[in-house]
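> For this one, chain S is given, so just place chain P on it according to the hints.
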Amino acid sequence: MDIIASSLLNGLTYGFLLFMLAAGLTLVFSLMGIMNFAHASLYMLGAYMGYALARPLGFATAVLVAPLLVGLLGCALERWLLRPLHARGHVAELLFTFGLAFLIEEAVKLVWGAGVVDHHFPPALEGSLFQWFGTPYPAYKAFMVAVAVAALGSLYLLVARTRVGLIVRAALTHPMMVENLGHDTDRVFMWVFGLGSALAALAGVIGGAALTTEPSMATQLGTIVFVVVVIGGLGSIQGAFLAALLIGMLQTLLIAVDLRLGQAIGMLARYAPAVLADVKVSQLAPIAPYALMVAMLLLRPRGLFGRRDA
Amino acid sequence: MNTPTLPTHVPAARFAGIGRLVRRTAAWTTAATLVLSATQAWSQHTVRIAQLEPLSGPFQSQGETNVRTLQAAVDEFNAREKDIRFEVSVFDAQGKAQEALNIFRQATDRGIRYFAGGGSSAIVSGLIEAVNTYNERHPGREVLYLNHQAIDPDFTESRCSFWHFRFDPHVHMRMFAMTSYITRDAAVKRVYLINQDYSFGQQVEASAKRYLASMRPDIAIVGEERHPIGRTKDFAPYVAKIKASGADTVITGNFGQDLVLLIKAAKDAGLNVRFYTYYGNALGAPTAVGAAGIERLRLVGTWETNAMPARMKAIYDNFKAKYPKTDIFHTGVIEMVGLLGEAVRKAGTAEPKPVAFALEGLKTQGAFGEVEMRAGDHQLLAPLFIQTFAAVDGQQVRYGIEGMSLGFRTDAKIGATETAPVMACQMKRPAR
Chain S
1 MDIIASSLLN GLTYGFLLFM LAAGLTLVFS LMGIMNFAHA SLYMLGAYMG
51 YALARPLGFA TAVLVAPLLV GLLGCALERW LLRPLHARGH VAELLFTFGL
101 AFLIEEAVKL VWGAGVVDHH FPPALEGSLF QWFGTPYPAY KAFMVAVAVA
151 ALGSLYLLVA RTRVGLIVRA ALTHPMMVEN LGHDTDRVFM WVFGLGSALA
201 ALAGVIGGAA LTTEPSMATQ LGTIVFVVVV IGGLGSIQGA FLAALLIGML
251 QTLLIAVDLR LGQAIGMLAR YAPAVLADVK VSQLAPIAPY ALMVAMLLLR
301 PRGLFGRRDA
Chain P
311 MNTPTLPTHV PAARFAGIGR LVRRTAAWTT AATLVLSATQ AWSQHTVRIA
361 QLEPLSGPFQ SQGETNVRTL QAAVDEFNAR EKDIRFEVSV FDAQGKAQEA
411 LNIFRQATDR GIRYFAGGGS SAIVSGLIEA VNTYNERHPG REVLYLNHQA
461 IDPDFTESRC SFWHFRFDPH VHMRMFAMTS YITRDAAVKR VYLINQDYSF
511 GQQVEASAKR YLASMRPDIA IVGEERHPIG RTKDFAPYVA KIKASGADTV
561 ITGNFGQDLV LLIKAAKDAG LNVRFYTYYG NALGAPTAVG AAGIERLRLV
611 GTWETNAMPA RMKAIYDNFK AKYPKTDIFH TGVIEMVGLL GEAVRKAGTA
661 EPKPVAFALE GLKTQGAFGE VEMRAGDHQL LAPLFIQTFA AVDGQQVRYG
711 IEGMSLGFRT DAKIGATETA PVMACQMKRP AR
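The listed protein sequences correspond, in order, to chains S and P. Number 281 in our numbering belongs to position 281 of the first sequence; there are no gaps in the numbering. Number 371 in our numbering belongs to position 61 of the second sequence; there are no gaps in the numbering.
Looking at chain S on its own, in the form it has when it is part of the complex (with noise of 0.2 Å):
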């Protein structure tokens, strides 16, 4: 009991920083059509900066300039870089976003070295806040929850309710209609490709912290944020709120499951070959999302939430 209790709350913690990751992707997505294939390595990038940061002035300030500059920068790739590919389509974004992610893998080792860094949390978020069926639970843990709860509830607020959020949901569907009403539509990008970067880097910060902080940080991130984002559905941020906890909780509960496959299905494992039923249910946890996504295209390829196929 006490195991499936604290997997759940693992499982929570760990989804709410896939979320935080997912968000800006699947924001930018939404409004620009482009799958960002540099966003995880924005999520390193606010990492660094974060670490780069914190020695000077401290974690609580990192965490809001890091992601601040990394927006900014977010704003200068779309500006003077992307802006300029829109007209030769897609495909041409898409090649630019995957050289980039390179482009600041190699920068980052050039600048931090290829090693780990020791990018951690200020002592006072290192104790645990309180017991939880007797493990402690981390009170950076907390931090991190509550941060994405911020974050993404200010977002929210900020698509949903203000003034610019309409234009924005505008911008997405009719961009023409919005720029004839004198709305500058580039500027409106411009600025939602920086807001998507600082949510990376603002993950970063906090998920360098908790995980680690080193140079393959984006690859290993990477791809489980796109299988969240297509398992909720391109471009929805509900969807990718349900995926990334539903992507949080199986991973973590699979690993809690002490069985062998042979045991977990049995009947069935009559008409399973002896080495898969021989396979602990816990090693098919990191399979599992990506199964997920494979049985979600082929099902329902939109996702969760999505309104246009994947």
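None of these hints come from the bench; they were simulated from the model. Using N, Cα and C, we set each Cβ at its ideal position, and we do this for glycine too. Keep in mind that a hint or two might mislead.
Within a straight-line C-alpha distance of at most 20 Å, the following computed SDA-like cross-link-like pairs (lysine to any residue) qualify [claimed, not checked]:
no.: 1; chain 1: P; residue 1: K543; chain 2: S; residue 2: P286
no.: 2; chain 1: P; residue 1: K543; chain 2: S; residue 2: T223
no.: 3; chain 1: S; residue 1: K280; chain 2: P; residue 2: A516
no.: 4; chain 1: S; residue 1: K280; chain 2: P; residue 2: R541
no.: 5; chain 1: P; residue 1: K577; chain 2: S; residue 2: F143
no.: 6; chain 1: P; residue 1: K630; chain 2: S; residue 2: A114
no.: 7; chain 1: P; residue 1: K635; chain 2: S; residue 2: L110
no.: 8; chain 1: P; residue 1: K630; chain 2: S; residue 2: G113
no.: 9; chain 1: P; residue 1: K543; chain 2: S; residue 2: A114
no.: 10; chain 1: P; residue 1: K632; chain 2: S; residue 2: D118
no.: 11; chain 1: P; residue 1: K577; chain 2: S; residue 2: D118
no.: 12; chain 1: S; residue 1: K280; chain 2: P; residue 2: I531
no.: 13; chain 1: P; residue 1: K543; chain 2: S; residue 2: Q283
no.: 14; chain 1: P; residue 1: K635; chain 2: S; residue 2: P56
no.: 15; chain 1: P; residue 1: K543; chain 2: S; residue 2: L221
no.: 16; chain 1: P; residue 1: K543; chain 2: S; residue 2: L284
no.: 17; chain 1: P; residue 1: K543; chain 2: S; residue 2: P56
Pulled a few chain P residues facing chain S out of the computed Cβ check, cut under 10 Å [as the list claims (entries may be wrong)]:
no.: 18; residue: F369
no.: 19; residue: E535
no.: 20; residue: H537
no.: 21; residue: K574
For chain P alone, coordinates are given in the frame of chain S:
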């Protein structure tokens, strides 16, 4: 010798001209180098080693540390010995077997006869096969594979080869040393095994079960877990499972990030267990655990910072002067340089086949005591150390690790011959 002059008529602004210029300069430089080396050849043996390491991907930090350690060892050797000279060419094998084989092909074409590194046991396995095949097809131009880190026991047992030498104690030898220390640690009662899901991790798991059953049958193994290598980011679920099992000790062969994240998650969940590891002194693990690992993080290894002889101190100082935040974590590459140098001197040539025969049975003063390259299976017998994480006190813990004021105290030294495995190799030797 005349200094070659550059042709002056080439207009530097033209690209074709520059290309020609570069080619000519390169040709002249090569010619000059050849003349220079020819004049030295009578007095000096040059040993060219191709070092293949994962310099990109999840195990990059491991590859980079190996490159730096080998460089420090070679620098120290070249400064000390005048008659033998090591030259190392570094290649990025990217942690991929196919890439390692491509590099092997290119390097043999360039006339390199010694190969080291590769990465994980899976990649090294392919390289050994390639070396065996190459030597069969190119008699008189044989190459040697020097294994400094891949510790899959099969390489010196069922799959042993005359052309392969291992300079690092393998999985079973290390586990034997670890278990013989555990026999003295009465607090170990319930053990959890967590390892990477590939040949090396599986062998650590099997080895632990075998030795614990025979040497401490009272210990209960309360769980076995394998996770994907290099891809698990969140170890919290695994730690929850370890906690639920009621284990007091975790044994793991994890290295690099897989160890860092495991230890960090254990710290967060307040998992109060001892960690017996293979690589707890390496690549970020000490930083990740910090003060929470004091008296809890143990390892079995070959490197001993507290008792460095002059030669190791020179290598260590050279390394730390350049890379203060990283540390040497094993002696594999250092033993390789020392033994190979001695074998070249004994053979009187840098030709791989005589050097291989000279290496067989070679006994010498290694990094931290007497070592022996067993003739029967080409496995190095070297002392192993059981070490525990503790604060630097200037006595038992003399140096901090990764720039911290925490380091490793040595609790036991297991002599080179004590861990000697049963010979399980039927070596096919070529004619001399």
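> If you test the structure against every hint from before, which numbers come out violated?
Hint 17 contradicted; others consistent.
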